[in-house]
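First to last, the protein sequences are chains A and B.
Be aware that the first sequence starts at 1, since it is given in my numbering, and climbs by one per residue.
Be aware that the second sequence starts at 1, since it is given in my numbering, and climbs by one per residue.
No lab work stands behind these hints: they were computed from the structure.
Beyond 12 angstroms from chain B on every Cβ pair, some chain A residues (computed):
id, residue
1, 70
2, 85
3, 96
4, 112
5, 118
6, 159
7, 198
8, 214
9, 215
10, 216
11, 223
Across the chosen pairs, the derived CB separations fall in these ranges:
id, chain 1, residue 1, chain 2, residue 2, range
12, B, 289, A, 260, 15 to 25 angstroms
13, B, 50, A, 14, 40 to 50 angstroms
14, A, 165, B, 246, 15 to 25 angstroms
We treat Cβ as the ideally placed atom computed from N, Cα and C, and that holds for glycine.
Residues per chain, in single letters:
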Amino acid sequence: MKLLVCLKQILDPDVPARDFQIDPAARAARRGGANLVTNIFCENAVETALQLREAAGGDVKITALCYGESSAEDCLRKAMAMTVDEACLVERDGNTNPDAAAVGRVLAAAIRRLEQDGGPFDAVLVGRESGDWGVGQTGGLLAEELGRPALGFVESLQPGNGGVTLRRQTDVGIEVAEAESPFLVTITNNEDNVPRIPKTRDVMMSYRKPLQKLSLADLELDSEEIRAGSSIFEVEEIFIPADEVECELAEGDTLEERVDQLAKRIHEVVASIG
Amino acid sequence: MANVAVCVLGSLGYDRAAQGAAGAGRALAESIGGELHALVIGPASDDAVAALAAVADRVVIGANEALGDYQPEQALQAAQQLHAAGGGDYVAVLLSNDTYSQEIAPRLAHRLGGSSMADAAAIRADGDHLLAQRTAYGGKAISIYRLKKQPAVVWLRARGFEPAPEQPSPGDVTNVDLALDPPRIRITGREVAAQEGVRLEDAPVIVSGGRGLGGPEPFQELKKLADAIGAEQGASRAACDAGWVPPNWQVGQTGKKVAPELYIAIAISGASQHLLGMGDSKVVAAINTDADAPIFKHCSFGIVEDYKQVVPLLTEKLQAMAG
Chain A
1 MKLLVCLKQI LDPDVPARDF QIDPAARAAR RGGANLVTNI FCENAVETAL
51 QLREAAGGDV KITALCYGES SAEDCLRKAM AMTVDEACLV ERDGNTNPDA
101 AAVGRVLAAA IRRLEQDGGP FDAVLVGRES GDWGVGQTGG LLAEELGRPA
151 LGFVESLQPG NGGVTLRRQT DVGIEVAEAE SPFLVTITNN EDNVPRIPKT
201 RDVMMSYRKP LQKLSLADLE LDSEEIRAGS SIFEVEEIFI PADEVECELA
251 EGDTLEERVD QLAKRIHEVV ASIG
Chain B
1 MANVAVCVLG SLGYDRAAQG AAGAGRALAE SIGGELHALV IGPASDDAVA
51 ALAAVADRVV IGANEALGDY QPEQALQAAQ QLHAAGGGDY VAVLLSNDTY
101 SQEIAPRLAH RLGGSSMADA AAIRADGDHL LAQRTAYGGK AISIYRLKKQ
151 PAVVWLRARG FEPAPEQPSP GDVTNVDLAL DPPRIRITGR EVAAQEGVRL
201 EDAPVIVSGG RGLGGPEPFQ ELKKLADAIG AEQGASRAAC DAGWVPPNWQ
251 VGQTGKKVAP ELYIAIAISG ASQHLLGMGD SKVVAAINTD ADAPIFKHCS
301 FGIVEDYKQV VPLLTEKLQA MAG
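Could you build the full structure based on these sequences and the hints that come with them?
Here is the structure:
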């Protein structure tokens, strides 16, 4: 079995709100002193793939793929330190925030290139959304580019009857699905796919694993449209919301009085809904 | 002539989210002088069809029995064919924020040669483009996207939109038979979580608890409060991750995005990823011991007090007021 996991490098989403700034010219967040990290749902996807390999017991090869700057090599090395077998970086050239259509086309072309020898990946795993822009469209668009069936919000993949059994989270609870290869899933988090911490030995080993670098030209995607990455959408405006809402705090000498005030306000709103 | 479509799943009926999506669709249609069409994936109840016909100029239903059992590949095929059956001249196809609509949206956009966008809190037409406003960077910023290709296929934070108004006369209803292939991924089982009442996204009032509760037991106390005012219960990521309550209670960036009339946050500090899930609520009330907690910058009223002191007393008072 062969699995492919897509990774995105993002600005650390845990930057406190007080340190968060917008670069108006770039129409994006200013990096400031923040770290670049692997998007958490992408790490959940790596962990989910590793667990499928462990459950399948046999010969399962996992490849990590990223479309990003050269700094994204760190994300791929970390994935290999988590014991992913090999990695591929498609070097981004142009818009640092390409739309999901451009990303989908680049990833699809890279996947087809990687599949040239050895046939299709049984499963392509993509994080459900990113912790920066969080648009969450890449997985679906990539599935269409590849012409493969897809399922969203998957939390685990297990070897099934001749295929793979998927569990996923929906509004109403867990759904179980059977998939035949090749297919795509977007991965969400649950308590069982928390990304493992790489062992020191595996971190050392990760530098000996193959990391292939491809350019847009290598993928025959050396076009202005892909570079601009804004064929379906672009950021028109971005701003930090004025969050200083005036909160009316319950006042009064006794707890009884304060809670009474709160109760009246809540009752008012509830009664107005009818 | 350009129109607007709202695409809903028949099995979900004309719920509050679908009403909001239709409302957003009607406002957009009026702004461009077009019609509002409802595209319905799968059989729907007579009541739901009548309710859709009352607000839309046209209703097209893909009534194949097979569509009653949701399968993503077939729902997607259905949406694509319904788009054509409705006339195909849509500037926007709007969906609501259930899991199924979320996974269909980008793929439908790709098949229709359009743009896709997720979780829009506001939309408006700008020439041939659609502008969609949403949160970014885990709620730390608001972004406005220009969607450049038609149709713009957008799933909405649907409950945040006013329901569609009824029209003077009901729209035409057409049932169409769609050509569906067997799905290549098949959903074979559902372990439906025990959920009382309505979906969290559709609840007009939500009582949520967070890390400050310290364990699962206090949620029983919060349930009494919720029951007193007809509210559903939610929770922060910390409370869900700790296993105190089921994961489908989670409100936030990685959980549900809700926009109720009233959201009561109890022992929730208000991390940006939580605010992203409930920031569009009409009224927010907070109970927290920490006067500097970020939640107090995002609420209309609140009380700086230990929830243990407040909740039982508050419940008692609200029960009395309701009675």
